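K.L.:
In case you want the letters, here they are:
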Amino acid sequence: MNNLHTITVTVNDTPYERTVEPRLLLSDFLRHDLGLTGTHVGCEHGVCGACTVLFDGEPVRSCLMFAVQANGHKITTVEALGTPDNLHPLQEAFWESHAVQCGFCTPGFLMSLVPFLEQNPDPTEEEIREAISGNLCRCTGYQHIVDAVKLAAKRK
Amino acid sequence: MAKKYVGQRIKRNEDPRLLTGQALFVDDVDLPGMLHAAFLRSDYAHARLVSIDVSAARRRPGVVAVYTAEDMGDDWQHGPPLVSPPPTVKDIVFHSRTQVPLVKDKVRLAGEPLAMVIAESRYIAEDALDDIVVELEPLGAVVDLEEALQPDAPLVHDDLDSNLAAHLIQKKGDYAAAREQADVVISRRIVIDRGTAAAMENRGYVAHWNPKSQELTLWDTTQSPIPIRNGLARMFGLSEHQVRVIAPFVGGGFGPKIMMFYPEEVMVTWATLQLGRPVKWIEDRRENFYATNQEREQVHTAELALTRDGHILGLRDDFIHDTGAYDPYGLTVPLNTQCHAFGPYKIPNYYGDLKVVFTNRPIVSPLRGAGRPQGVFIIERLLDVAARELGIDPVEIRRRNLLPPDAFPYDNEIIDQAFVPLVYDSGNYLPVLEKAVEMIGYERFLKEEQPRLRAEGRHVGIGVVSFIETTGIGPYEGARVTVAPSGQINVATGVGTQGQGHFTSFAQIVADQLGVSPHDVHLVTGDTAQFHWGTGTFASRGAVVAANAIHAAAVTVRGKVLKLASKVLDTPEEELELVDGHVRVADIPQRSISLGQLAVLANPLRGAVEPGTEPGLEATAYFGPKYGATASGAHAAIVEVDPETMMVDVKRYVIVEDCGTLLNPLIVEGQLHGGLALGLGNSFYEKLVYDENGQLLNASFADYLLPTALEVPRAEVSHLETPSPLNPLGSKGVGEGGAIPVPAVFAQAVESALADYGLEILEAPLSPNRLFELLQAARVTRDA
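So the protein sequences, as listed, match chains A and B. Under this note's numbering, the first residue of the first sequence carries the number 1, and numbering increases by one thereafter. Under this note's numbering, the first residue of the second sequence carries the number 1001, and numbering increases by one thereafter.
FYI, nobody ran anything at the bench for these hints, they're computed from the structure. One or more hints might be untrue.
Taking CB as the label site, the calculated pair distances span [said to hold, decoys possible]:
hint: 1; chain 1: A; residue 1: Glu-96; chain 2: B; residue 2: Pro-1768; range: 34 to 40 Å
hint: 2; chain 1: B; residue 1: Asn-1769; chain 2: A; residue 2: Pro-15; range: 38 to 44 Å
hint: 3; chain 1: B; residue 1: Gln-1150; chain 2: A; residue 2: Pro-22; range: 48 to 54 Å
hint: 4; chain 1: A; residue 1: Pro-22; chain 2: B; residue 2: Leu-1024; range: 28 to 34 Å
hint: 5; chain 1: A; residue 1: Lys-156; chain 2: B; residue 2: Gln-1776; range: 48 to 54 Å
A quick note: this is a predicted structure, and the numbers were derived from the prediction, not measured. Just so you know, even glycine gets a beta-carbon here, dropped at the ideal spot from N, CA and C.
Looking at chain A on its own, in the form it has when it is part of the complex (with noise of 0.2 Å):
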């Protein structure tokens, strides 16, 4: 594969350029090219939704692109959202309603809500079950990933 291409794109506010192979997947380029690590995949086939990250601030697969077509687009993962001494309020909600366990799928439930809430800022329960159906979670049953949507809804 010496079929090289040159890339910059714009992550979490932070522009990378970048040489990459059009077949590496935009989530193995953020996670092992950029050690962005907070972007999980959990199946590479676009179920799961774990590796859901902003193309241009709409929610994307990122283990459905090539790096490549990120080219001269805008990038934001859970990096940006908030720190553990200064949560974003979604994740402050996640925190209080106990929408984490493992952990591994929240990344990816976080840059699903994080436009919707934007665009349906007081949502109902179906709305908000809808909203999160592309985002498989296997330990809390999501109910209380509902209640924490609820909680950072009623706070804005």
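Add chain B to chain A, keeping to what the hints say.
P.N.:
Relative to the frame of chain A, chain B by itself:
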């Protein structure tokens, strides 16, 4: 001592790192010079390996090594049996056949690894798999459990006479005599199919042998790091001090991440020992469907003998259990099934004939519930059929058979998975059932709502079941509690953690003893360099066995703190209290000393101490129960069946759980919610479909359906607390209880919704399609 933190809904210490993507998972480990492994897997479920040519793969640029079984020489060994067969039972048959690191002669399951490629990147390693030329001679596959025992069935293990892996008969009382006396005998064939754990994080291993320091480090998604460390040291002739196994944050376990060993786990470790460079392998989802252990398939012929008024006289449960291609996990799962068919009921006579068979499918080992859901499904289904035949209300027939509160400890006189008698330590079953009945509004639903809805043409039904869960089994766990000079409390325990909230619930226990906030307790789990005795996180035992070891260590440290503080403050111990990280004189709070200062005083750098003095404020303790703590519960559901699509909508779901002393209700409820989601999958969505060649037909999340937020209902949870007398905290496990009874309650509720058709559900999981078929068959019978 008053409990300030145990029992409180405290948010978790571990969450800020998990929420921000800062927590370390195995795939996040990145070491200089790290190589990547990929495995060539068999396309056939059963085949003879004729030849394998890896020369082209070895020539590919970027490939560092390619290994087959032949390349391993004497290091090629069968895995050790993880659980031994029960030693105390007479006439038991058990054939131990354990997995191999790479196939040498014969493939026994689709996906079994044939060769390993090590390359500079995972992409190159996977490219090189295509360069390997393999010749396999396919053999007839053993898939069906009953056909596996036919005389003409192909043999999974050629050195055995048949595919029978184990045979065990357990008895209590005299079932034949009880059957003679019975007014009614209910006999049914009941089938439970296979599912998979599908933890969101697949398995992964990063192994690093440092030739200079002569140390091996393995980051492993295991639930049992200490046995893995011990086993690898033994396997590769290393001292246990040279091997460190770290199970960092693990993205869900649910059982299959306890295994000793997975082939990839051995191979990655063996490869780093050959190459002296770190080697990483991360399972992908497709591999997870083929190469990670699964569970649940059994075929039962079960019989319940009762009096006319619905009292159980005896149970007979003959069943075949599928262990897959190998049986490293012994009889744990089917023994759990036998035991949990007893339920919370008084069953004076029992006869159980268990046959375990080898098939050409992935290995069976515990999956959240671990044989328990099957046992519960058997007894609950039989009770429902009996209730219908005898004209007794389903809840009432359960009431009549529940063990009374004065029955404990209650000995069921058979052995359980820990090979000790199945004794229920404590329980109070009727209030649990009545609470669920009250919460779901059982009487009102049957009298008012169901007839009204039926008149509207809707098919809405109700189900209520009782169950027990054996939890907190031995052998033991241990922990070390230390007061650091900073005043921080450090706790180390050997169990791994996969989301259960150990960093918080265990911290609460220590905080109560030492008068600090749980947030000041720093806990390490799953690192053999920090604590090196223990077995692991399984069988709903963390909150019982590890928690009580931590409690014991904390109590001892408290004693040391008080003794030293008494000397320093010149005050009798009885007059001291531990508050806010200080020891102070109860009546004179300004006379106090911090725990950190005491820790410094307890570890002098010069001077003399009394002989026999131990340094520091530290204690190590172990806890091993005589037998497990038995939790119990009742679940109730209202479901609606759409007669057009056969979709089942769970309208309400009630969980009443008695897991003894609640350490942290928030965490307990989270466990119950998650269990319910898996149980719902096992009821209606999740079935691994194998064809007659042993090929899995739905090996993706697009085809194997995990319940989403749209399918899983909101659970209404209530707790009762009957503390276990077997441990000082009074705790019982709750990790699996949420999942165990769900298929049983689901089946009862669907039957209730379709009562017009006299439908009998004798299998799990269902699906809309399967429900349609059953309904068609019931219609034919009804209209005939």
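K.L.:
Check each numbered hint from earlier against the structure, then list the numbers of those it violates in ascending order.
P.N.:
2
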